[in-house]
Every structure is written in C-alpha cells, then in structure tokens.
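> Chains as they are written, first to last, in this note's numbering: chain A, 2 to 308; chain B, 661 to 1205.
Among these hints, one or two may not hold up.
With a straight-line cut-off of 27 Å between C-alpha atoms, the simulated DSSO-like cross-links for lysine-lysine are [stated by the list, open to error]:
1. B:894 to A:40
2. B:943 to B:1182
3. B:862 to B:967
4. A:40 to B:943
5. B:943 to B:967
Estimated spans, in silico, between C-beta atoms of each pair [said to hold, decoys possible]:
6. A:111 to B:699: 44 to 50 Å
7. B:1182 to A:130: 46 to 52 Å
8. B:864 to A:18: 39 to 45 Å
9. B:1066 to A:30: 53 to 59 Å
10. B:862 to A:140: 54 to 60 Å
11. B:692 to A:219: 42 to 48 Å
12. A:199 to B:870: 55 to 61 Å
13. A:18 to B:1182: 36 to 42 Å
Calculated from the structure, these hints are not laboratory results.
Ideal placement from N, C-alpha and C gives every residue a C-beta, glycine not left out.
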Amino acid sequence: MATFLLRRLLIAIPTLLIIATLAFVLLRVTPGGPFDGDKPMIPEIRRSIEARYHLDQPLWQQYLRYLGDLAHGDLGPSFQYRNTSVNELIAQGLPVDIAIGGSALLLALLLGCAIGMLAAVRRNTWLDRLGMSIAMLGISLPVFVIAPVLILVFAIQLRWLPPGDWVAGSWRHMLLPVIALAFPYLASIARLMRASTLEVLASPWIRAARARGLPTHTILLKHALRPALLPVIAFLGPAFAGVVTGSIIIETVFGLPGIGRYFITGALNRDYTVVMGVTVLYGALIIVFNLLADLCQAWLDPRVRLR
Amino acid sequence: MSVVLRAVLGTAVLALAACNAPSDTPRAAVTSITVGQQLATDQNLRRAIDQMPRTLDPTLLTDIPAQRITDDLFEGLTTLAEDGSIAPGIAHSWETSADGLIWTFHLREARWSNGDPVTAQDFVYAWRRTVNPHTGAEYAQSLAPIRDALAITEGKLPPERLAATALDARTLRVELNAPTPYLLALLTGNFMQPLHRASIEKWGDDWIRPEHMVSNGPFTLQETVIGNRIVLRKNPRYWAADTVRITQVTWYPLDRAEQNSRYLAGDLHIAESFSAEQYGWLKSQLGDQVVTAPYLGTFMIGLHMQKPPFANNRALRRALTLAVDREILTRRVRQGLYPPAWTLVPPLPGYDSPAPEWASWSDEQRHAEARRLYAEAGYSKGKPLRVDLTYPTDSDNRQNYEAVAAMWRVNLGAEVRIYNEEFRVTQQNRRLHLLQMFHFAWIGDYPDPYTFLQLFQTGFGINDGVNSNPRYDALLNAANAEADNARRYQLFREAEQLLDEDAPYIPLYFYASRHLIKPYLKGWQTNILDRNLSRYMYLLQHQGQ
Chain A
2 MATFLLRRLL
12 IAIPTLLIIA
22 TLAFVLLRVT
32 PGGPFDGDKP
42 MIPEIRRSIE
52 ARYHLDQPLW
62 QQYLRYLGDL
72 AHGDLGPSFQ
82 YRNTSVNELI
92 AQGLPVDIAI
102 GGSALLLALL
112 LGCAIGMLAA
122 VRRNTWLDRL
132 GMSIAMLGIS
142 LPVFVIAPVL
152 ILVFAIQLRW
162 LPPGDWVAGS
172 WRHMLLPVIA
182 LAFPYLASIA
192 RLMRASTLEV
202 LASPWIRAAR
212 ARGLPTHTIL
222 LKHALRPALL
232 PVIAFLGPAF
242 AGVVTGSIII
252 ETVFGLPGIG
262 RYFITGALNR
272 DYTVVMGVTV
282 LYGALIIVFN
292 LLADLCQAWL
302 DPRVRLR
Chain B
661 MSVVLRAVLG
671 TAVLALAACN
681 APSDTPRAAV
691 TSITVGQQLA
701 TDQNLRRAID
711 QMPRTLDPTL
721 LTDIPAQRIT
731 DDLFEGLTTL
741 AEDGSIAPGI
751 AHSWETSADG
761 LIWTFHLREA
771 RWSNGDPVTA
781 QDFVYAWRRT
791 VNPHTGAEYA
801 QSLAPIRDAL
811 AITEGKLPPE
821 RLAATALDAR
831 TLRVELNAPT
841 PYLLALLTGN
851 FMQPLHRASI
861 EKWGDDWIRP
871 EHMVSNGPFT
881 LQETVIGNRI
891 VLRKNPRYWA
901 ADTVRITQVT
911 WYPLDRAEQN
921 SRYLAGDLHI
931 AESFSAEQYG
941 WLKSQLGDQV
951 VTAPYLGTFM
961 IGLHMQKPPF
971 ANNRALRRAL
981 TLAVDREILT
991 RRVRQGLYPP
1001 AWTLVPPLPG
1011 YDSPAPEWAS
1021 WSDEQRHAEA
1031 RRLYAEAGYS
1041 KGKPLRVDLT
1051 YPTDSDNRQN
1061 YEAVAAMWRV
1071 NLGAEVRIYN
1081 EEFRVTQQNR
1091 RLHLLQMFHF
1101 AWIGDYPDPY
1111 TFLQLFQTGF
1121 GINDGVNSNP
1131 RYDALLNAAN
1141 AEADNARRYQ
1151 LFREAEQLLD
1161 EDAPYIPLYF
1171 YASRHLIKPY
1181 LKGWQTNILD
1191 RNLSRYMYLL
1201 QHQGQ
C-alpha cells in the first residue's frame, strides 16, 4: 500500500513536468501575443511591458524561470489582470468550482445510484424504462442546451430562481448550475449502477442470501450495494476532475467566477501564466482523483490489491 | 469568453426563447412594467460590462469595460454633461491663448475620497506617469497633443519636461504642439484623469485594490471579484455628491447571451450590448427597452496597398467598393441597426463627411460603373479576381462578409473567399502585413475626424494596409497646424475626398451603440462616444421587472 502510494506520487512528478512543458511550448508557438491589441504601441512602451513580464528574455530562460517558480508553488502574475497573481485567481475560483462540482457530483451519485438500483431491481418494468430514458436524455443532451433551457424556464418564465451570478453560500444561486452540471453524470452513474447491480444480483452469494430468506432491502443494501458500487467508484475519480475542470460552459452560462472562465479568457488573451497554471492544476487534480478512486476501490473490494 | 461558445450559447438561449413566443406577440412576462413618478427607495444600480477589465488604473487601462468603470471612479478637468456634451469637471473654468497653444485651467475646490484636496499637481503627476515609458501605458500616445509628450514616451526626454505645469495648487497650465480643437473632449478621457500620488507611492501596483484606492469621482471602489462583479459606492466627498442619486453601482462582467438572460430575468438594469443578429427579435419583444444610438465607429474592409492585387490598381479597389450594396447590407443583414457608410468618418457634431457622388446613384448605375472599373482593372468572367478576405471569428462578422462576398460574386463575378481566424491571430497577421484583404473596424478615441483619418497616414502604427499618399499626409499635417476649426474641417473633407478617389479601404457601415435599458431607469446619456456616467442615473418606483 505504502509502496503503491509512493510510486504513484513519484510518477506524478514527471507527468506534471511534461504537462507544464507542453503547455509552455504550445502557448508560445500559438500566433498572437498577450499585448497585441487594437491600437498602435510605441516600441519603448512595448519594451517596458515585456520587461515587466520577463518576455524580453530568451525563451529558455523564461522556461527555467517558470519551472523554478512552479517548483515553489508560484504560478506567476496574470498577464490579463494586472496586479493579480495566478495563485490569487485560483484561490478565488477553485472554491466556486469545488462547491458547484462537488454538489453536482453528490447529487449525481445519490440520484444516479438510486435510479440505477431501482431500474435493476424492477428490471423491464415501466420504472426501469423511465429511469433509463432519463439517463439516455442526460447522456445525449449537451450541457449548453440543458443550462439555457433551465434558465429560460426557471429564471425567465417562472422567475423562481436567479439566472446566474454567484453569491457565496446562497443555495438559490447554486441550484440551477448544479442541476445542469449533475445531469450528464447522473445519467452515466444510473446506467453504470443498473448494469453492475444486475450483475451482482445474479451472483451466487446473493442467491445464497435469498435462500436464507433475507428480506429484499437487506440483500440490496447489505450485500449488493458495496460490490455494485465498484464501477461507479472507478468512474467517480475522473468524474470529479471532470466536474471541476469541465464546468467551463456552466460557469459561462451562469456567470460563475470559477477557474474555467479564467482559462478560456486566458487562452483567448494569451495570458500565458494563467493558462499554464490552470493546466498544471487540472493535471494535478486528475492525478489526485484517479489515485483516490483507486484507494477507494481497494477499500471497498478486498480482492483489489494495490501494488 | 470564446466567441464560438458565445455564439452557440447566445443562439441557444434566444432561439429557445423565440420558440416559446411567436415574435409578433410581445411576452407579457418581459414587458409588463409599470413605472411610477417617485424615486425608488433602492438606488442600487446593476450594470453589465462585456468582460472583466484588465485593470482599473486610468493610466494603464486598455479596454472599454475599464473605461466605463473609471468614468465613475475618477473625474478629469472636464467631464460629460447629462446630455453627453462636454462640461466643466474638476476645472470650473479655463482660458486659452490667442494662438490656441497655451491653455490655463482653474480648478474648483474638490476632494479625494480620503479628504485630501485635488490639486493641479495631481494632474501633472498623473500625466507624467502616463507618458513615462517605464509605466508601460499602452495608450500613452493619447497625450501626444501636449508639447514634448511623444518625445518623452519615446525615451528622448525625461517625464519632467512634459509641458503641463501647476502654477499653484488650483491652476494648471498646458502647452500644446498645435491648436487642438478637441482638447476639451480629450481631457474627459481616462488617461487625463488625476491620480492620488501618495497612495500610489505607498501601495505601488496594489493601489487599485478596493482597500487602497483613493479616487476623486462620484463613486469609490468597494469590492472586486474577478470574473464576477465590481462594486462601487457613492463617494460622499465628490464635489457634486448632492446631485448623485445612485448609492451603489454593481458592474457584472458577462458575455452577451448571459447579459440578455439576466436582463430578461430582471437582474440587470442595463445590458451593455447584445449580438447584432438578435436586434430584430429583441426589438419585437422589448420595444423601447432596446436603446440604439449613433456610435463613433466605422466598420470597413482593409486592403493591402503594397501587394497584388490591390497595389497600383485603383480601378479594382474602386470597383469593389462600388459593387457593395450597403443598403441591403444594413437593412437586410443588419436589420436597420447600423447606418450605411460611404466615407470613413461617421457623422460628428459640426462635421459631415463629403458623400461621394456614387453614393446617390441607382443600383444599376453603380453596378455598371463597378463592372466597367473591374474590366479596366483587367478582370472578367473568364479571368475573375480571386482573393482572400480574413476576419476575426464572430457570427456577426461572418454574416456581413458572406453577404459582401455574395454581392461581389453577383455584381462583378469576383471570387472572394472568406476566412475566419481567432482575434489575436488576425491581429498579428495584420500587424505583419500578411493579409491581402481584412476586417477593419475602428472606434474613435475622441469626437474629431482626425482619430479616423490618421488610420491611412503614412507610418501610423496601425496603417495595416500600408497606405501611403504624400498628398493625403500633407492635407492632414496642414489641418493639424490650423488654428481655425472651420478651415481645419475643410482640409479634413479634402483628405476624405482623396481617400474616396484612392479607395485604400472599403467602408461598409457606421456603428451604433446598443443597450437594453429598463424603462424605470432614468438619466441615461445618449452620446456618440457611448459613455454613460452612473452619476446622472436614478431608478424610479416600478411594478414588474
């Protein structure tokens, strides 16, 4: 177990280094610079601005400086928001993403598991078909359709909920983005859960439990739930990274100050440090959550051995 | 925000809304607002901006959202009156020398938000900071009319040499290179606003943070949440604070689709803009809440004047400009939102561009002349013009250029292929003079023809088509040395005529500002610069959103 953890963490370092290097190179070969605007700029001014951000140094020096800062956890100053560091941007945006993403995943997990299990237990009944139709809808409808529909119905027509904005701690502001973000994950989890529950229900130990005359709910909750959850847990690791990083559209539609927006505007404005910083952060998140999912799986299923 | 994403989302929200309600029946939920006569008790104004400002430092700002907000935070020697005309700001009066080169401004008794008096030295300090190349003010050139400003920015003279002198705490003398009739308009600008030296020296770059910023305008900075909101509070120390009714302004950086949905849901009092494609639909739904007005900008196509096929081919350039049906473009494609342009300079108070003769011709006459010129340039059906037109990705742009390319195909037989690139890529390619034919839009900095005419002056920083005509340059130089404004405008008109004959660009239409404004919001200023200070606005009691 300890060796497993250590090895995975050690592998993470070169992985992150490759991600950081790729981000650096790709950004620098992209045409257009952070200070190419509409208006003409006097050369002295351009020099002064470039010196401020060390853009006047040779590329390899910039790269080394960037790696050195990165090793100290300093992601540098943002080019597009003056006097704001990338660390500050992330510190401000990440809690929003975690709040929205975490709530969405929790909702998707609870509802998805319930729907999936119910569909499996009531296989081939109207309940099963209803649950799987909802799941199919969630998988096929893109977020950029679901989110505007929710706004249109609940904010503009019915005026029950705000159409966007972020007020820390306000559940009313979180509800629509959380639902929109949760829907596709809920659908995937429901389908996964249904399939794995069906498989588990057909296994010998469930038959043995039935033979012993245990009531259905005991069989389901005590004997079937844990093994049925395994594929869902494997899915949750990448899914959590996905909801945190993939909420870019949600942030845009609902006007949430998450890091996905900085990432998009950063890429468009050639805000090198923001894009590199967020890319490395996303990379790290994906590594960490995959690791956590592996650990959870081992804990749930004694047959899994971590090496 | 990605333009593509924005277009997709915008279309999604509005298309869905449109499905719900046929466009000929206004939706009650949106439009039923009853406005009273009394001031609303809550004077908390909620306005949108198109993106998060890069900085709120008046010296360093580069974007329109930042201009909007600093207009509320700071005030220069002059400011804008409620009707959009120029009014005394921190200066209550001024006089100018007979040759128009020396201006003396007398400052009123005004205070910074921390109680310090606003002095002439605060202006000198701010202006020196702007022209100092070490500050890195991208728009330092805006101060060029002041004597020695340009030489200082180019590093040839120290900033102390700037010809702006504080004669005493409340008298400021400014010396100019040439008579500058638009100086009073220029002084309303953000680059000319005073700065509080002590706080900048104390906090360095962090002086723009809400906890440190000292400002002299109608509002002070309360809170900044990047990507979410900027909150301003009424400044009780502002010299005209008793006339300001709004107690708090919250600025939300939102893209257009979001602005629309927030506005429709009653969350915003003012939407900063909407996509031109949605003009017709919004007008049918919201009626008078859609507020459009002439805006100091021209939408055109730039041509590379040093490369084939346009170099030394005046006939071809004129054929292309004559073959564009601007009425169709503005009425059909842009649904009447924008007025057609036959010239470079949009209509200004006191200045009207000389309309070219062909502007009044019938379509047949114009097309015939275009075809004649096209043939004269050496092209025909068998040997059509093949050229690429490059534009930055945006759905409004795409519609325009598809329409124009179709007009050229039908009216001339020319084969113009349109390409879109990401904004920064086009921008760089233009600067490197790689494009034959390109999207070219310009918003004027001050209400004077020169802000447009300079675009085609030899050596000007963004003369991206590399146009050079000694006669044109001579006319502009003569105009700039001219103290009599009527004579100066005459020279500008001659320069515009020359531009029409030469056709180094293809004008398409003039811009219009476009906002959504709640009927219970009053005090909105309509002006050609589209600057609308929150200090004049107020909210009336109302029912419905």
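> List, from low to high, the hint numbers that the structure doesn't satisfy.
Structure breaks hints 1, 3, 4, 5, 7, 8, 9, 11, 13.
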